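Student: Sequence:
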Amino acid sequence: MLEGVSCALGAGLLWGLVFVVPLMLPDYPPAMLSFGRYLSFGVIALLLACTDWPRLQSLQRQDWEKAFELALVGNILYYLFLSAAVQLADAPLPTMLIGTLPIVIAIVANFSAAALPWRRLLPSLLVIATGIALVNRHEMALLDDRHSAQDYFLGTLFALAAVAAWTWYPLRNSRWLQQRPALASGTWAIAQGLATLPLALLGMAAAGLYFQSHGGFDFPLGASAGRYVGLMLILGFCASWLGTLLWNRASRLLPAALVGQLIVFETLAAFAYAFILRGALPGSTALIGIALLVGGVILGVRAFRGG
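Be aware that the sequence shown starts at 1346, since it is given in the working numbering, and climbs by one per residue.
The set of hints was computed from the structure by calculation and includes no laboratory data.
These figures come from a predicted structure and were not determined experimentally.
One or more hints might be untrue.
Okay, the calculated beta carbon distance ranges per label pair [stated by the list, open to error]:
id : residue 1 : residue 2 : range
1  : Arg1482   : Gly1575   : 27 to 37 Å
2  : Met1346   : Gln1495   : 38 to 48 Å
3  : Ala1494   : Gly1624   : 23 to 33 Å
4  : Gln1495   : Thr1396   : 40 to 50 Å
Idealized CB from N, CA, C, for every residue including glycine.
Work out the full structure, taking the sequences as your base and the hints as a guide.
Tutor: Here is the structure:
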């Protein structure tokens, strides 16, 4: 239990980075952020594959099919939607909607055959929901008039699409890992990276053709080439490969409904990084919300441990 929660915490801290990078590269289209991140992830996975080749060779066809499926929905599409949402509506609104993932995933996961009784699951969900509401009330108060109503509407749609993608991904990934107990977490992370690489290459090629025809972006590296490449490498290694490895380990060690709640660590990290980027401390409402989020996670862990 402790190892699983620690792995989920590590993954959340790394995944929180993905919320602030679009704000650090505001002139880069969402497609360049998504394809750039996962092109980096794929190249890193290709290098790491040399050290794990025997176990990768043991993967079956259905493993690779599942890896491509997870890579498309949980990697490419998820970050494409999230980047678009952040740039259209700023960070607070997408973070608020993404912040509902612990609730959505835990509820969906708990409809499985090995469900925890709702009377034991609901207290932690209610505490997390209250914490999310308080934190996001603070964040929504910071919205300004730099974005149009249409931007907010489109940003909301993209954020909801990201929620759908990331509700599906961890449950599907966790179910597959439970069915394949011999599959090492690190090997599976590399396999997903290798599956992501051709998808990212195709996406980058399509983006290049689009920008050549329509303009609007200095393809392929843009105006801030050094910053873009550096941030894509950080996301590729930390958020994608290492985050996936840690999450795979947590998914193997913990029940799916509990893992769903632990995605709250990503939300907490995203807010923390946003406060650091702003150079401001959270207000009292946000601090109470953060305390409730942490408390809800503790309640969730205790509920499953008591099972």
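Student: Evaluate each hint against the coordinates.
Tutor: Cross-check of the supplied hints:
no.: 1; hint: Arg1482 with Gly1575: 27 to 37 Å; result: holds (34 Å)
no.: 2; hint: Met1346 with Gln1495: 38 to 48 Å; result: holds (46 Å)
no.: 3; hint: Ala1494 with Gly1624: 23 to 33 Å; result: holds (29 Å)
no.: 4; hint: Gln1495 with Thr1396: 40 to 50 Å; result: holds (48 Å)
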